[in-house]
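S.K.: Keeping the supplied structure of chain A fixed, place chain B upon it in accordance with the hints.
2 protein chains.
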Amino acid sequence: MEAKFKRLKRELQCEGHITKYYKDTIELPDGNTAIYDFVGHNGAAAAIGVRNDGKLLMVRQYRNALDRFTLEIPAGGLEPNEPTINAAARELEEETGYKCGKIEKLITIRTTVAFCNEKIDIYLATDLKETQQHLDDGEYVDVKAYDLDELISMIYDGVIEDSKTIAAIMAYKVKCGLSHK
Amino acid sequence: MEAKFKRLKRELQCEGHITKYYKDTIELPDGNTAIYDFVGHNGAAAAIGVRNDGKLLMVRQYRNALDRFTLEIPAGGLEPNEPTINAAARELEEETGYKCGKIEKLITIRTTVAFCNEKIDIYLATDLKETQQHLDDGEYVDVKAYDLDELISMIYDGVIEDSKTIAAIMAYKVKCGLSHK
Numbered sequence: 187m188e189a190k191f192k193r194l195k196r197e198l199q200c201e202g203h204i205t206k207y208y209k210d211t212i213e214l215p216d217g218n219t220a221i222y223d224f225v226g227h228n229g230a231a232a233a234i235g236v237r238n239d240g241k242l243l244m245v246r247q248y249r250n251a252l253d254r255f256t257l258e259i260p261a262g263g264l265e266p267n268e269p270t271i272n273a274a275a276r277e278l279e280e281e282t283g284y285k286c287g288k289i290e291k292l293i294t295i296r297t298t299v300a301f302c303n304e305k306i307d308i309y310l311a312t313d314l315k316e317t318q319q320h321l322d323d324g325e326y327v328d329v330k331a332y333d334l335d336e337l338i339s340m341i342y343d344g345v346i347e348d349s350k351t352i353a354a355i356m357a358y359k360v361k362c363g364l365s366h367k
Numbered sequence: 187m188e189a190k191f192k193r194l195k196r197e198l199q200c201e202g203h204i205t206k207y208y209k210d211t212i213e214l215p216d217g218n219t220a221i222y223d224f225v226g227h228n229g230a231a232a233a234i235g236v237r238n239d240g241k242l243l244m245v246r247q248y249r250n251a252l253d254r255f256t257l258e259i260p261a262g263g264l265e266p267n268e269p270t271i272n273a274a275a276r277e278l279e280e281e282t283g284y285k286c287g288k289i290e291k292l293i294t295i296r297t298t299v300a301f302c303n304e305k306i307d308i309y310l311a312t313d314l315k316e317t318q319q320h321l322d323d324g325e326y327v328d329v330k331a332y333d334l335d336e337l338i339s340m341i342y343d344g345v346i347e348d349s350k351t352i353a354a355i356m357a358y359k360v361k362c363g364l365s366h367k
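Those sequence lines, one after another, are chains A and B.
First residue of the first sequence? That's 187 in the numbering used here, and the numbers climb one at a time after it.
First residue of the second sequence? That's 187 in the numbering used here, and the numbers climb one at a time after it.
In isolation and in its complexed conformation, chain A is listed as follows (with noise of 0.2 Å):
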């Protein structure tokens, strides 16, 4: 049987650009409480792009909490209601320039769970044709594909370290069947 918690109070600190910052009181199995850290989020979606000659479509972008480019599969927020399928194909297609014809649940992933909610729903889109990007202000991607043993080679060095991005591609090589040369 699992331990009762049961939350007393959720005050909300300050509010972010895409996140809110809370402080949660909650009461444990012994009747002590205890106050954890809660960032809350609206959640994303994200697509694994396979082109038809196999490759993987990634975008190469700047992220201020790094301070540095990093190298991830696209993905984005959520519009107000819209379903996190729609979300997927919307942000491949202006993050990448390619539509695609079909696109299947790959996995959801809780990004950090000791603090936040964030919940990314992670796609493969397939049947994939060239159309064009669409940035939003401020949004600056390059785009480039590659193979997929290529990009298990680049999680294992450490080159991509974005957990999406790993869950996703290490996802779709185990769902290939393929042991990794």
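No lab work stands behind these hints: they were computed from the structure.
Among the clues, some could well be false.
Where chains are identical, the list cannot tell them apart; a pair therefore holds if satisfied intra-copy or between any two copies.
Unchecked claim - The calculated DSS-like cross-link candidates involving lysine-lysine, where the alpha carbons are at most 25 Å apart (straight line), are: (1) K241 with K361; (2) K288 with K305; (3) K291 with K361; (4) K192 with K330; (5) K285 with K361; (6) K241 with K288; (7) K315 with K361; (8) K206 with K305; (9) K190 with K330; (10) K305 with K209; (11) K315 with K291; (12) K206 with K195; (13) K315 with K241; (14) K291 with K241; (15) K305 with K195.
M.R.: Chain B only, in chain A's frame:
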């Protein structure tokens, strides 16, 4: 050539228990500025513990951010100046009650690069010997061992959502070079 981004300001908004919340002002390549969230975190370490019978040690615990229990690999924050390899072995033993004879780096992840710098070094721990759990005050952790393929199925079925756990288990699966049935 990469477009030029420059952080003009990083302003503390409020402080949590394990995170700090900032507002970043970034100069974009076109000379305009943009405001982005930044959540500062000190980093963490995690371990996949593989027992001699091949089963993987998982922990089940309450997470206030989701207001439910989650199934994860053992992990925790770093103590001051603690190397991540030590932290991974320490958290494995504290949370599961197994000491490892061998530990090697598997992958590094950044949990959510859009707004946070949290880095988790994930290790593969083997040659395990049973000792005993040492939980912190207010920490309640249930331990259970699973077959690798059972965990893989739980990821595709959405039972396991934690990003470090998915990235680690899939990376271990691919490293093992086995196809998923």
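S.K.: Would you pick out the hints that fail for this structure and give their numbers low to high?
M.R.: Going through the list in order, the structure violates no hint and respects every one.
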